[in-house]
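Chains as they are written, first to last, in my numbering: chain A, 1 to 219; chain B, 1001 to 1219; chain C, 2001 to 2233; chain D, 3001 to 3233.
Worth flagging that the hints you see were computed from the coordinates, not collected in a lab.
Cross-link-like lysine-lysine pairs, in silico, DSS-like; alpha carbons within 27 Å at most:
id, chain 1, residue 1, chain 2, residue 2
1, C, Lys2140, A, Lys95
2, C, Lys2169, D, Lys3159
3, D, Lys3159, A, Lys95
4, B, Lys1117, D, Lys3072
5, A, Lys121, C, Lys2072
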Amino acid sequence: MALDKNGIAQRIAQEVQDGFYVNLGIGIPTLVANYVRTDIEVEFQSENGVLGMGPFPFEGEEDADIINAGKQTITTLPGASFFDSSLSFAMIRGKHVDLTILGAMEVAENGDIANWKIPGKMVKGMGGAMDLVASAENIIVAMMHTNKRGESKLLKQCSLPLTGVGCVTKVVTSLAVLEVKNNQFHLLERAPGVSVEEIQKGTAGTLIVNGEIPEMILS
Amino acid sequence: MALDKNGIAQRIAQEVQDGFYVNLGIGIPTLVANYVRTDIEVEFQSENGVLGMGPFPFEGEEDADIINAGKQTITTLPGASFFDSSLSFAMIRGKHVDLTILGAMEVAENGDIANWKIPGKMVKGMGGAMDLVASAENIIVAMMHTNKRGESKLLKQCSLPLTGVGCVTKVVTSLAVLEVKNNQFHLLERAPGVSVEEIQKGTAGTLIVNGEIPEMILS
Amino acid sequence: MINKKVKNVQEALQGVQSNMTLMLGGFGLCGIPENAIAELVKLEVRAVTCISNNAGIDDFGLGRLLQKKQIKKMISSYVGENDEFERQMLSGELEVELTPQGTLAEKCRAAQAGFPAFYTPAGYGTEVAEGKETREFDGKMYVLEPAFKADFAFVKAWKGDAAGNLVFKGTSRNFNPNMCGAATITVAEVEELVPVGTLDPDHVHIPGIFVQRIFQGKNYEKRIEQRTVRKKQ
Amino acid sequence: MINKKVKNVQEALQGVQSNMTLMLGGFGLCGIPENAIAELVKLEVRAVTCISNNAGIDDFGLGRLLQKKQIKKMISSYVGENDEFERQMLSGELEVELTPQGTLAEKCRAAQAGFPAFYTPAGYGTEVAEGKETREFDGKMYVLEPAFKADFAFVKAWKGDAAGNLVFKGTSRNFNPNMCGAATITVAEVEELVPVGTLDPDHVHIPGIFVQRIFQGKNYEKRIEQRTVRKKQ
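Assemble the whole structure, with the sequences as input and the hints as a guide.
This is how it looks when you write it as structure tokens:
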């Protein structure tokens, strides 16, 4: 069965390692924080100027001056810090953030990503995404495998304006975990109960299936 | 009579205007602070990371962590701030400092200045001087008119390695106040009792003497 | 101490005119100069270019200037959450220049620090880099981005003093410090104007040299865009 | 919270080798990483390149490494006050690259922030710019300066916590924050290692993400180069 957003987040949380500084994008990536193992140390950075984000505040304790990049009220954990936008992107551009997780409208087999604009329809802007994908060496895309019309979001080539070129290394979708290398999507894991054929059908880009593909283990 | 270092500092202090942020170099410029009018508001910046410098500390109150660019122990005044070197030079490069006063070994009639190196003899380094002269629009040089061998320090062309090109706008020496423009030294004022002839004799660069030259007024 | 204090928002905005380029701090509605924005609406300046990470919401923040059609051009990184904005942009009434967020911050900082331009990897290979100089360093491609040039910067701080020193709170800091000194005139509004000498010199976020005018702000609404909470267990 | 605390200076300097490039914070003797320098002397690493605004005095600061002839090359802005330095330089034993102070700071910050190079007006038309690319922007000339590349950065802070967060005091801040994260490994020594959660998040000067190792320093001498005082009246 295809994963829902929480399932995708749950699988991605397994990629988060002890000692990682992690930047979570808006949408599915935000949910990843809920599933990270509690026996490892991870710090979440938000590009609007906070390191060491904690859970949402208790009702009545929200502070308009303490938000994340999704404009949600948040709290901070002991050891947190606030800083200006320039220093925040110094963390990102300077490769101090270890893992970037973000959503996408399209990913191409060469690692290109598009997630900020649909010409003539939707122009919200790139926010910090272009800085993140241009600098991060460890980028995981979280998205549904196909769009609402059932069309593949894993393409030979992006059709929408790009956010970054050749930067995506891993994609976790509602159907699969895929590595992006050598201009191909390499199938690593299937969502529970999802067949290789279903994944193949939903993937417009080149899909490499090498040997037996295990199912994800979502504890 | 030619001015001594304190006399030069006293004359330069008259150039400091209300509301100015001022950077003082090592040597004579440091003395300028002693002569600034007390009825105007001025803030002194030191490039090692302090704005709002006050007088030297009282004996026994010196703090190794609070020094100026000359490595002297200092105090701060109410409204002072400390900052890192990058932000300090943002103030300088970004033209937020209104007046820079520094010493020199040579000044040329085109505004070039040399003050950091005597090849084969003395190499102390430029410190912040190259940043200061490259960015400041209001630079006053404080120096003796001639060197210890009696040779002019106001030249047609600098003989020593340059600190900056075409940047000096005013020079206050032991003999005179001079404006630097159109590739000439324009004599503005004479030190008390010093004749135009003496100044001419001590000036190797082109000296323009227009009309009657007043004596400095040092109250 | 050089005194930057002005008596109110009217005096603080003296000299602001139509067709100027204005920088405004804030991320979403967090840390925006609410008093300055309200006064810009009152002053009815027109055809201004606004450099601000976001464009507010329909009835708050820069959305208020959009409603009155006072903005000719927005330079931002993210402009969702605003229907009037979308309408004006799609109809061609409003010019929009979208800039990666880190690039936006650095274009402010470059102006503040006297750098004419800088190379950043953000946007390389995308339409953001179209028409711009690109260059390789150590095998990686970068885009040359010029510093901003603005007439006024409006920032909001938590505390400040008459010397112009500023201290920010939480994530309302964001672009505000980077915009100080990045325009010809920087105007700071503060929630609390404290006596000179009470701010710790080690903990001043922005030294007063970067600020030309400071005033005590009033009636801060500090709206929350996404109120997310959890229940006490 | 990601724990950066190491037990002592020995553990903090693990991996430091001869021929490496090291950054060291401090201005004169103010804010220098005294413990790291003492350990570098003990470790007898040789032929290191040191990036530091100054070279210490004969028997303190980097002067101690100079005495032992451990330094191959110094990259500094000002190297007066040190006879041994002058002797080694004039005899050709020591290579010296003099860099304008603001350029030195920004070459650190560029490395920290992921900028490959930057344009600065400092040094244009002087021997500092010889062999470097120059360029005009808006009628003014600039020199292209590359970011530093270093193996270790040694910084000294007043307070810090196990998360690597740092707070500096007075002018001992200087180059220290700009060097954090500007090398492969940043080692911070602090006068006081405080419990995590006690530093105010609004007043952390350097967030822990820029620091790989932190330790409680010992026996700080904090020598004063120019003790200037006035008498109480």
